[in-house]
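> Next come the chains, spelled out residue by residue.
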Amino acid sequence: MGIAAKKIGQQTYFFHQPPVILSTATIVGPKEGQGPLGHTFDKVVEDPYYGEKSWEKAEQRMLEEAMQKALQKANLAPQNVDFLLAGDLLNQIIAADFTARVLGIPFLGLYGACATMYEGMALAAMLIDGGFAEYVLLGASSHFSTAERQYRYPTEQGVQRPMSAQWTVTGAGAMLLARQGAGPVVTHATVGRVVDLGSADPNDMGAAMAPAAADTIARHLEDTGRVPGDYDLFLSGDLGAYGLALANKIVEQKGYQIAGHFNDCGLLIYHHQRQDTHAGGSGCACSAVVTCGYLMQEMAAGRLRRVLGIGTGALFSKCSSLQGETIPGIAHAVAIEAR
Amino acid sequence: MTTHWDSLPGEMQKRLYQELVNQVKPRPPVLRNAGAAFAVGGLISVLGQLIQNFFLARGLTLLDAGAATAATLVFLAALSTGLGLYDELARFAGAGAIVPITGFANSMVAPAMEYRTEGLVLGVGARLFTVAGPVLVFGIFTAWAVALLYHFLLRP
Chain L
45 MGIAAKKIGQ QTYFFHQPPV ILSTATIVGP KEGQGPLGHT FDKVVEDPYY
95 GEKSWEKAEQ RMLEEAMQKA LQKANLAPQN VDFLLAGDLL NQIIAADFTA
145 RVLGIPFLGL YGACATMYEG MALAAMLIDG GFAEYVLLGA SSHFSTAERQ
195 YRYPTEQGVQ RPMSAQWTVT GAGAMLLARQ GAGPVVTHAT VGRVVDLGSA
245 DPNDMGAAMA PAAADTIARH LEDTGRVPGD YDLFLSGDLG AYGLALANKI
295 VEQKGYQIAG HFNDCGLLIY HHQRQDTHAG GSGCACSAVV TCGYLMQEMA
345 AGRLRRVLGI GTGALFSKCS SLQGETIPGI AHAVAIEAR
Chain Z
331 MTTHWDSLPG EMQKRLYQEL VNQVKPRPPV LRNAGAAFAV GGLISVLGQL
381 IQNFFLARGL TLLDAGAATA ATLVFLAALS TGLGLYDELA RFAGAGAIVP
431 ITGFANSMVA PAMEYRTEGL VLGVGARLFT VAGPVLVFGI FTAWAVALLY
481 HFLLRP
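From first to last, the protein sequence lines are chains L and Z. 45 is the number of the first residue of the first sequence in the working numbering; add one for each residue after it. 331 is the number of the first residue of the second sequence in the working numbering; add one for each residue after it.
Because the hints were derived from the structure by calculation, they are not lab data. Please note that a few of the clues may not be correct.
[What the hints assert, rightly or not] Here are some chain Z residues the structure puts well away from chain L; computed CB gaps all over 10 Å:
#1 Asn-383
#2 Thr-391
#3 Ala-420
[Claimed, not checked] Listed below are the simulated DSSO-like cross-link pairs for lysine-lysine, each with C-alpha atoms no more than 30 Å apart in a straight line:
#4 Lys-298(L) with Lys-50(L)
#5 Lys-344(Z) with Lys-293(L)
#6 Lys-362(L) with Lys-344(Z)
#7 Lys-362(L) with Lys-355(Z)
This structure is a prediction, so every number in the text was calculated from the model and none was measured. For glycine and all other residues, C-beta sits at the position ideal for the given N, C-alpha and C.
Let the hints inform the model, and build the full structure from the sequences given.
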């Protein structure tokens, strides 16, 4: 097997001319607006229907608006952009499809469950550093009510959620990556393997995803030769409280100590006691809006210099769960550096 | 777990990991849940009794008063589901709100509301019983099985 020029170790890619995050945009629902990161989002929508006839349409509108806003902030029109990469949790990723229908940018639809945003960032950086694109627009969305219907019960159904359950974030995040410009840069991407250590409880997705997150983090450090101290923060997508604890333990087993600076977008986004969100936030939008909002602002303010973002996803469907399949996890890591 | 994680065989990793998951996994607050279920389930039953007494006082027979009470409770649960209140009650009370007939009404109205966006026939019509369906299927089957047993074994 030949050695690819931009590949280091087993799963990591480094970018010769690191692509620049030109702009980001976020839009969220009311619950996220009331959370501790409420002030970091571009727009908080108070109506979960967002004036549309269905939640699916509302989610699509949020994604479209986030994309438009990211373009606007960078002063670019859709025709300037080479690729649109997007995904969501709906069947056949219709929120992304219909957003692409409006924008008219050459479109590659993604499905990486809740890791979609990071899958998009990794691919976008490769497209740009590979010389295939000058600008790539990417994003992901989720909606509490569309996800409930996709994976669980009707929204008004009376159920008591287990303590390990998570709350799907309503919102959308968009990011514009460019070959040059001003902003933080993407220096490395580690594409994750699918890891399954036998978790089968769809109400405990943190446990299903933690092994994949740990695998990707350790792989990234091994491939790059970096040590945990090289990063100000390891930020996972939506492991939640218990998933984060589990990932921490496995990373430790693999010989790395990151506990002091390992956090999770799903933990940051809600007041868990007060907002009754149990283990934390989840969904494509969880890592998307926290990365595009909070993380970018922290980097711009100089409080974080180098961060490893780890998008995490649980790869299952209602059907696979009912058929007794276990839930494999995936995690993609992207190293972001302030410039 | 003192061995280096990656050198463990896959099955061993799975077993150790699931042990770890069981340690980390939060226990449900059983006492609090049972208390809330008892209180709310009990209050719904008291409400039912009050409604039944009302119908009895109005001159209905016990059988008719029972049916009228069930209909009233179902109506109240359907209304509060429509107002977005019943799921909040059930989130607090668990089985206390799910087991009474009001819970059954909730499990019919919730999908009816949910699937309205896919149309009346293939949306509401086709999905109305997604949650309540199993209760009906196994409820009716059990009634049939018990009736058979009674017919062949117990009937004088």
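> Evaluate each hint against the coordinates.
Hints and how they fare:
Its beta-carbon lying about 26 Å from the closest one in chain L, Asn-383(Z) satisfies the requirement of being farther than 10 Å from that chain. Every CB of chain L is more than 10 Å from the CB of Thr-391(Z) (nearest about 32 Å), matching its label as outside the interface. Some Cβ of chain L comes within 10 Å of the Cβ of Ala-420(Z); the nearest lies about 2 Å off, and the non-interface call is violated. Restraint check for Lys-298(L) and Lys-50(L): satisfied, since their Cα atoms lie roughly 25 Å apart, inside the 30 Å limit.
Between Lys-344(Z) and Lys-293(L) the CA atoms are separated by roughly 14 Å; this keeps the pair inside 30 Å, and the hint holds. Only pairs whose Cα atoms come within 30 Å are accepted, and Lys-362(L) paired with Lys-344(Z) is accepted, the gap being roughly 23 Å. Restraint check: the Cα-Cα separation between Lys-362(L) and Lys-355(Z) comes to about 22 Å, which is no more than 30 Å; the hinted pair holds.
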